[in-house]
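Counting from 1 along the sequence shown, just add 275 to a position and that's the residue number in our numbering.
It should be emphasised that the hints constitute simulated quantities derived from the structure, not laboratory data. Note that CB positions come from ideal geometry on N, CA and C, so glycine has one too. Treat the hints with care, as some may be off.
As the list claims (entries may be wrong) - Derived CB-CB ranges, DEER-like: (1) Pro290 - Ala310: 29 to 35 Å; (2) Asn281 - Asn320: 30 to 36 Å; (3) Val319 - Gly282: 25 to 31 Å; (4) Thr321 - Ser301: 26 to 32 Å; (5) Gln292 - Ser314: 25 to 31 Å; (6) Thr283 - Ala310: 14 to 20 Å; (7) Ala309 - Asn289: 29 to 35 Å; (8) Thr299 - Thr321: 30 to 36 Å; (9) Ala309 - Thr287: 14 to 20 Å.
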Amino acid sequence: MVTLVNGTASATFNPLQKGPHTVTASFNGDVNYAASSASITQTVNTGPG
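Using the sequences and the hints, build the whole thing.
Encoded structure:
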């Protein structure tokens, strides 16, 4: 889990194993914005493993 600070969140994944990895961002919503979620698949071609 990463905390949103001033409208921005950042995460470091080090090191990722070779292969596909799913990264999901979710927002629980608040009085101004609805909840939402989105995912991507990032494929690492070189690295450990």
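Going through the hints against the structure:
At about 32 Å, the CB distance of Pro290 to Ala310 agrees with the hint of 29 to 35 Å. About 33 Å separates the C-beta atoms of Asn281 and Asn320, a value consistent with the hinted range of 30 to 36 Å. Look at Val319 against Gly282: about 28 Å separates their beta carbons, and that is inside 25 to 31 Å. For the hinted restraint 26 to 32 Å between Thr321 and Ser301, the CB-CB distance of approximately 29 Å keeps it satisfied.
Take Gln292 and Ser314: their Cβ atoms lie about 18 Å apart, and the range 25 to 31 Å is violated. Take Thr283 and Ala310: their Cβ atoms lie about 19 Å apart, and the range 14 to 20 Å holds. A beta carbon spacing of about 33 Å between Ala309 and Asn289 agrees with the range 29 to 35 Å that was offered as a hint. Separated by about 24 Å at the C-beta atoms, Thr299 and Thr321 break the suggested range of 30 to 36 Å.
A hinted range of 14 to 20 Å for the beta carbons of Ala309 and Thr287 is inconsistent with their spacing of about 29 Å.
When the structure is compared with the earlier hints, violations turn up for hints 5, 8 and 9 and for no others.
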